[in-house]
Structure formats: structure tokens, C-alpha cells
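K.L.:
Listed below are the residues making up each chain.
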Amino acid sequence: MNDIFVLIEHRQGVIRDITFELLACGRDLANKNNAKLTAVILADNFEKIIDKIKTQAHKIIAVENPIFKEFNAESYQIALVEIIKKENPFLTLIGHTAFGMDLCSSLATELKLPFTTDCLDIKIDDEKLSVTRQMYDGKLNSKVVLKESPSYMLTLRAGCFPAEDSSLDAEIEKIDSPISVEPDYRKFIEYIEIVAGEVDITQSDIVIGVGRGIKEKDNLPMIEEFADAIGGVVGCSRPIVDAEWLPKDRQIGSSGKTIKPKLYIALGISGAFQHIMGMKTADTIIAINKDPNAPIFNEADYGIVDDLFKIIPVLKNKILEMKA
Amino acid sequence: MNIIVCIKRVPQTAEAEVRVDSSGKDIEKDRLTFDTNESDTYALEEAVLQKEKFGGSITVITVGDEDSEETLRIALAKGADEAIRIKAENFDELDGFKTAQILQSIIKNMDYDAIFTGCMATDDAYSQIGPTLAELLGIPHASLVTKIEINDDIAQTHRELEGGLLEHLEIKLPALFTIQTGINVPRYASLIAIRRAARKELKHIGADELAKDGLNSNSFIEELFHPPITKIAEILTGSPDETSQKLAEIIKEKI
Ligand SMILES: Cc1cc2nc3c(=O)[nH]c(=O)nc-3n(C[C@H](O)[C@H](O)[C@H](O)COP(=O)(O)OP(=O)(O)OC[C@H]3O[C@@H](n4cnc5c(N)ncnc54)[C@H](O)[C@@H]3O)c2cc1C
Numbered sequence: 003m004n005d006i007f008v009l010i011e012h013r014q015g016v017i018r019d020i021t022f023e024l025l026a027c028g029r030d031l032a033n034k035n036n037a038k039l040t041a042v043i044l045a046d047n048f049e050k051i052i053d054k055i056k057t058q059a060h061k062i063i064a065v066e067n068p069i070f071k072e073f074n075a076e077s078y079q080i081a082l083v084e085i086i087k088k089e090n091p092f093l094t095l096i097g098h099t100a101f102g103m104d105l106c107s108s109l110a111t112e113l114k115l116p117f118t119t120d121c122l123d124i125k126i127d128d129e130k131l132s133v134t135r136q137m138y139d140g141k142l143n144s145k146v147v148l149k150e151s152p153s154y155m156l157t158l159r160a161g162c163f164p165a166e167d168s169s170l171d172a173e174i175e176k177i178d179s180p181i182s183v184e185p186d187y188r189k190f191i192e193y194i195e196i197v198a199g200e201v202d203i204t205q206s207d208i209v210i211g212v213g214r215g216i217k218e219k220d221n222l223p224m225i226e227e228f229a230d231a232i233g234g235v236v237g238c239s240r241p242i243v244d245a246e247w248l249p250k251d252r253q254i255g256s257s258g259k260t261i262k263p264k265l266y267i268a269l270g271i272s273g274a275f276q277h278i279m280g281m282k283t284a285d286t287i288i289a290i291n292k293d294p295n296a297p298i299f300n301e302a303d304y305g306i307v308d309d310l311f312k313i314i315p316v317l318k319n320k321i322l323e324m325k326a
Numbered sequence: 012m013n014i015i016v017c018i019k020r021v022p023q024t025a026e027a028e029v030r031v032d033s034s035g036k037d038i039e040k041d042r043l044t045f046d047t048n049e050s051d052t053y054a055l056e057e058a059v060l061q062k063e064k065f066g067g068s069i070t071v072i073t074v075g076d077e078d079s080e081e082t083l084r085i086a087l088a089k090g091a092d093e094a095i096r097i098k099a100e101n102f103d104e105l106d107g108f109k110t111a112q113i114l115q116s117i118i119k120n121m122d123y124d125a126i127f128t129g130c131m132a133t134d135d136a137y138s139q140i141g142p143t144l145a146e147l148l149g150i151p152h153a154s155l156v157t158k159i160e161i162n163d164d165i166a167q168t169h170r171e172l173e174g175g176l177l178e179h180l181e182i183k184l185p186a187l188f189t190i191q192t193g194i195n196v197p198r199y200a201s202l203i204a205i206r207r208a209a210r211k212e213l214k215h216i217g218a219d220e221l222a223k224d225g226l227n228s229n230s231f232i233e234e235l236f237h238p239p240i241t242k243i244a245e246i247l248t249g250s251p252d253e254t255s256q257k258l259a260e261i262i263k264e265k266i
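Protein sequence lines, in the order shown, are assigned to chains A and B.
To get my numbering, take the position in the first sequence, counting from 1, and add 2.
To get my numbering, take the position in the second sequence, counting from 1, and add 11.
Since the hints were derived computationally from the structure, they do not count as laboratory data.
Treat the hints with caution; some may be incorrect.
To be verified - The calculated DSSO-like cross-link candidates involving lysine-lysine, where the alpha carbons are at most 27 Å apart (straight line), are:
(1) A/Lys-262 / B/Lys-40
(2) B/Lys-62 / A/Lys-264
(3) A/Lys-189 / B/Lys-158
(4) A/Lys-149 / B/Lys-158
(5) A/Lys-262 / B/Lys-257
(6) A/Lys-259 / B/Lys-265
(7) A/Lys-282 / B/Lys-109
(8) B/Lys-119 / A/Lys-145
(9) A/Lys-325 / B/Lys-40
(10) A/Lys-149 / B/Lys-263
(11) A/Lys-312 / B/Lys-257
(12) B/Lys-263 / A/Lys-262
(13) B/Lys-119 / A/Lys-320
(14) A/Lys-282 / B/Lys-64
(15) B/Lys-64 / A/Lys-325
(16) B/Lys-263 / A/Lys-318
(17) A/Lys-145 / B/Lys-242
(18) B/Lys-183 / A/Lys-71
(19) A/Lys-50 / A/Lys-38
(20) A/Lys-114 / B/Lys-211
(21) A/Lys-262 / B/Lys-242
(22) B/Lys-158 / A/Lys-71
(23) B/Lys-40 / A/Lys-217
(24) B/Lys-98 / A/Lys-292
(25) A/Lys-189 / B/Lys-62
(26) B/Lys-265 / A/Lys-292
(27) A/Lys-114 / B/Lys-257
(28) B/Lys-64 / A/Lys-189
(29) A/Lys-114 / A/Lys-145
(30) A/Lys-282 / B/Lys-265
(31) B/Lys-62 / A/Lys-312
(32) B/Lys-263 / B/Lys-98
(33) B/Lys-158 / A/Lys-219
What the hints assert, rightly or not - Using C-beta positions, here's what the derived DEER-type ranges look like:
(34) A/Asp-128 / B/Lys-214: 44 to 50 Å
(35) A/Glu-66 / B/Val-31: 36 to 42 Å
(36) A/Glu-192 / B/Phe-65: 58 to 64 Å
(37) B/Ile-261 / A/Asn-90: 42 to 48 Å
Backbone N, C-alpha and C fix where the C-beta goes; we use that ideal spot for every residue, glycine too.
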């Protein structure tokens with residue numbers, strides 16, 4: 003079988019964690035199918051990156067050019083079309099991240115490759131490719147078969163393939179960049195960090211997460227009182243920030259903060275994977291949700307299936323009594 | 012500023028029980044409620060805000076069944092000028108790629124400065140349509156967009172990355188933007204506007220009006236199934252007083 007390609011994702015000079023998950027997945031597939039794993043790096047300064055990748059792949063294709071200091075889907079696409087056309091890998095793996103979501107579909111479309119996104123598992127049988135995906139708010143999985151083709155492209159969800167040590171010694175091929183000027187129709191300008199507020203939810207041992215289940219902004223004070231009683235701070239899921247009920251720095255998840263408290267209590271949060279990514283390493287996770295099928299219960303250690311408005315006032319008093 | 016907004020009607024599954032139907036490839040829809048896909052409502056609002064600033068017109072398009080006309084009418088009530096339904100019932104095996112090809116075959120003949128789509132549909136969660144459509148149309152795109160400021164033919168654009176970090180880009184119009192939730196605060200449609208929209212003409216496009224050959228799916232759902240359970244919480248049972256008591260004891264022990 004032809005090679006498996008993994009596209010290295012880096013930002014602000016640092017390789018992103020997803021890269022090592024992609025490499026572990028790619029190595030596993032390569033081993034099972036008698037193929038080689040090639041890591042493809044587009045960077046401004048490739049020496050900084052190569053040491054960490056060298057043991058992880060059989061081969062590295064490196065394109066060095068100042069325009070690859072930052073990610074630009076359009077520049078990446080121009081370069082990768084050339085490389086993939088020439089090398090013809092069986093499969094190209096990209097992270098299902100802000101980087102991969104911006105790049106994969108248009109790149110695969112230009113290359114006329116069958117592709118799909120946000121894969122949790124990959125199977126190759128007889129050079130036929132099928133994947134597991136998630137649908138309907140994480141309530142169902144699907145088995146998806148891709149149209150037969152000599153070459154495919156997929157994005158993989160973070161957290162599905164554990165990163166692993168490896169002791170390969172990659173052969174390195176440097177190639178000239180097919181592009182050296184950023185296209186005039188899309189230009190990277192700068193990064194903007196989120197503004198820090200008065201509460202840093204990453205520093206608290208106890209975090210109370212509120213989600214869309216609290217229904218109205220007016221219900222927030224009740225949650226704040228509960229957090230005070232228990233000695234924690236209030237964080238939230240994305241819809242609460244979208245509605246401007248809490249500031250962005252309270253958001254927990256892939257596009258918000260990653261927290262590692264001793265105790266996390268999710269109130270009216272369904273447990274979308276983007277949320278889970280921000281809190282799954284909490285020591286103890288408790289969920290209160292009225293939907294017994296909410297995916298959050300597959301992440302939590304303890305749960306109550308009930309209306310949070312019935313539980314929280316009672317629970318608050320019990321905790322205050324115990325403290326007294 | 013002429014803007015095209017691609018929208019979709021989706022089942023609301025966050026709080027519902029989702030069952031696989033007898034085909035094994037789709038879900039039972041009769042007990043579910045449906046609404047406009049969440050990020051699409053932000054895409055539409057963004058178009059309305061741009062129109063309020065620059066004038067022009069908004070066309071909403073869906074590849075959907077007859078029921079999705081309700082979604083189009085809500086969009087008309089919120090400020091869209093034209094609405095097109097491409098009859099999904101005329102096509103089978105609609106994955107993101109095929110849907111994008113169908114949209115492209117209509118949009119390529121339209122006059123537009125920008126196309127907005129949601130960044131992800133909550134039913135199939137592909138996040139494919141926007142960038143695929145942009146590529147098929149040969150225009151630039153930016154996905155997961157949380158701010159668009161247009162000056163002449165340049166859009167100062169923010170994309171949201173992991174950890175809430177933003178990326179500021181300059182995108183040349185015409186271009187496609189996949190809109191992330193939270194970019195604005197979507198309005199509600201007024202009752203009068205809803206009544207007015209109910210009388211508006213919708214445009215219907217069937218398969219016979221499209222070049223059907225050459226439309227390809229990339230991927231095929233073979234089976235839907237409940238996710239294997241790797242871990243399950245210990246569920247505390249009883250009245251609110253009992254469950255709260257048990258939980259308070261657990262909390263006390265953990266902190
Ligand atoms: C690129 C991208 C990035 C994202 N990043 C993030 C992120 O960083 N963080 C994040 O959280 N999300 C993120 N999301 C959004 C994510 O996909 C979900 O939409 C979101 O997490 C859902 O929030 P929720 O659980 O509060 O709401 P819902 O999914 O609507 O769930 C509400 C829950 O409340 C329960 N409920 C309702 N009423 C009650 C009641 N009275 N008592 C008890 N329970 C009740 C319901 O049963 C349901 O389970 C991102 C999405 C995308 C596409």
C-alpha cells in the first residue's frame with residue numbers, strides 16, 4: 003500500500019498535541035497495512051520541529067519557507083496539492099481542529115479525493131476505507147464507507163488516538179516550497195488573545211459548569227450562590243458565552259479553557275466533545291442533567307438524573323449544613 | 012452587498028432520545044422537534060447586519076425537504092429577501108460533498124459578494140459544506156469566523172482557534188465565511204414579519220433543473236448505532252432530598 007501521510011500542526015512555534023495523536027494513529031495503520039508513515043511539515047524553521055517528529059515517522063517531507071510561520075489554509079492548499087499529487091499517498095490524516103476544519107474539505111475537493119471529517123476510528127480492509135463518526139449531539143455513532151479511491155483524506159477528532167513514544171529514525175526529504183508569497187486573497191495579520199477577567203477558572207479546585215439547561219440569565223445568581231457555598235467558581239459551556247451571560251474566559255472546552263480541578267460539577271450540560279475536551283481530566287466529575295441519555299453521564303463519575311432547579315437549592319443547604 | 016446564506020433545518024437532539032429507524036441508516040424523526048441549525052441562525056443574522064450597513068440583498072438557500080420551507084420563511088421574516096429550496100427529495104445519498112456540489116450548481120450563476128454558512132450542522136456534524144463550496148466556486152474562504160468587518164472588497168476577519176485564541180485575517184471578496192456561534196446576537200422574528208413572510212413566494216429547484224450527472228457522494232452511511240459505553244456514571248437515585256444528601260456526602264469526601 004502507498005504511504006500514510008500525517009500533516010504536522012503547529013502554532014506559534016509549538017507542535018500541537020493533536021499531531022502526536024495523528025502520528026500514533028498513522029503508525030498503527032501503516033504497521034497493519036504494510037505501509038510507511040510520512041510526516042509532512044510546512045514551517046518557517048523546520049529544525050525547531052524536526053527533533054520531536056523524527057522518531058515518530060518513517061519519513062519526513064519538509065517544506066521550509068517564511069510564509070509557513072503561521073497557518074494559512076490557502077497557502078497550505080497550494081503547497082499540499084503539489085506534494086500529494088506527486089507522492090500519491092493512500093491516506094492523508096489531518097487534525098479535526100480549527101486548522102484542519104479550515105483546510106481539509108477544500109484541499110480534498112481540489113485534489114478530487116474522497117474525504118470525510120471528525121473521525122473517531124479508521125478501518126482499512128482490502129484498501130477500502132471506512133470510519134466511525136459521531137452524529138446528533140453525540141447520541142449516535144455512524145459507520146461511514148468512503149467511495150473507493152487510490153487516495154483519501156480524513157480529519158481525526160482529538161482524544162481518540164493516544165499519543166505514543168516511538169523509536170523510528172525518519173529519513174528526511176527537504177523540498178522547495180511550491181509557493182513563497184501569501185496569496186493576495188487571504189492574508190494572515192495577527193493573533194489576538196482572549197482578555198483575562200477577574201476570575202481564573204483554571205486556578206480553582208472546584209468548578210461549577212453551567213450549560214444551556216439553566217434556561218435564563220436570571221438563573222445565574224442561584225448558581226453563583228451554590229458555587230459560593232461549595233467554595234468554587236462558575237464556568238460554563240459555549241452557549242452561555244454566545245448568549246453573553248458570562249464572559250469568554252469562563253468558557254470550558256476546546257475553544258475555551260482547559261481546566262483540571264479536583265471537582266467539576268456540570269449542571270444542564272449535555273457533554274458535547276468540544277466541552278469534554280476542556281474538563282475530562284478533572285479528578286472527580288459530577289453531572290446533573292434531566293436527560294438520562296446525555297453523553298455527559300459517560301464522562302462523569304457520579305450523576306443525578308433530575309431537574310437541576312429541584313436539586314441545586316436542596317444540595318446547597320445540605321452542603322452549608324455540613325460545613326456548619 | 013449581496014449575500015447568500017446557506018441554511019439547514021435540523022432535528023433538535025440535545026435533550027431528546029434519538030432512535031435508529033428500521034433502515035438502520037437514519038433516525039426516527041416523528042417524535043423530534045426541528046429548528047434552524049444553530050450556527051446558521053448566526054450566519055443569517057450576520058448577513059442581516061451587513062445588509063443594514065451596506066444595503067444589498069440576502070438570498071437564503073437550503074437543500075431540504077418540504078418541511079424546511081418553514082426554516083426559509085423564518086429567515087425571510089428575519090430579513091432575507093429571497094429564499095430558494097433545492098428539493099432534497101430529488102437526490103439520494105446526500106453527504107456534505109454532494110450537497111456542496113448541488114449548491115454550487117445554483118450559486119455559480121448568482122451575483123454575490125459573500126456567502127455565509129454555519130460552521131457546523133448539529134445533525135451530521137461534518138463542517139464540510141462551506142470550504143467545499145468555496146473550492147468548487149473558486150473563491151477564498153475562512154471558517155469558524157467570529158468577526159467580519161468589510162471595507163470595499165476586503166473583509167477583516169477573525170477566526171476562532173483552540174483555547175479561544177483568535178486569528179485576524181484579511182480576505183478578499185467575493186469569499187465564503189463559515190460562521191461560528193456567538194459572532195452576534197441573533198434576533199427573533201416579529202409576528203408581523205412572520206405573517207408577511209408566510210405570503211412570500213419561495214423558489215423551488217428540482218433535480219431536472221440541475222445537471223444531475225457528475226454529482227457524486229464521497230461517503231455513505233452504512234449503519235447508525237449507539238456509542239459503545241466505556242464508562243458510566245454512578246447514578247444516585249431517590250427524591251431530590253435523598254439524591255442531594257448522597258451527593259453532598261460524596262462532595263464532602265472529595266474536597
Ligand atoms: C468548533 C467548535 C468549538 C466549540 N467549542 C466549545 C467549547 O469550547 N465549549 C463548549 O462547551 N462547547 C463548544 N462548542 C459547542 C458544543 O458543540 C455544544 O454545542 C455545546 O457544548 C452545548 O452546550 P450545552 O451542553 O450547554 O447545551 P446543550 O447541548 O443544549 O445541552 C443542554 C443540556 O441541559 C439539559 N437540561 C435542560 N434543562 C435542564 C434542567 N432543568 N435540569 C437539568 N438539565 C437540564 C439537557 O438535557 C441537555 O443535556 C463548540 C462547537 C464547535 C463547532
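K.L.:
Hints numbered earlier in the text: which of these fail when held up against the supplied structure?
P.N.:
Per hint list: 1, 2, 4, 7, 8, 9, 10, 13, 14, 15, 20, 24, 27, 31, 32, 35, 36 and 37 violated.
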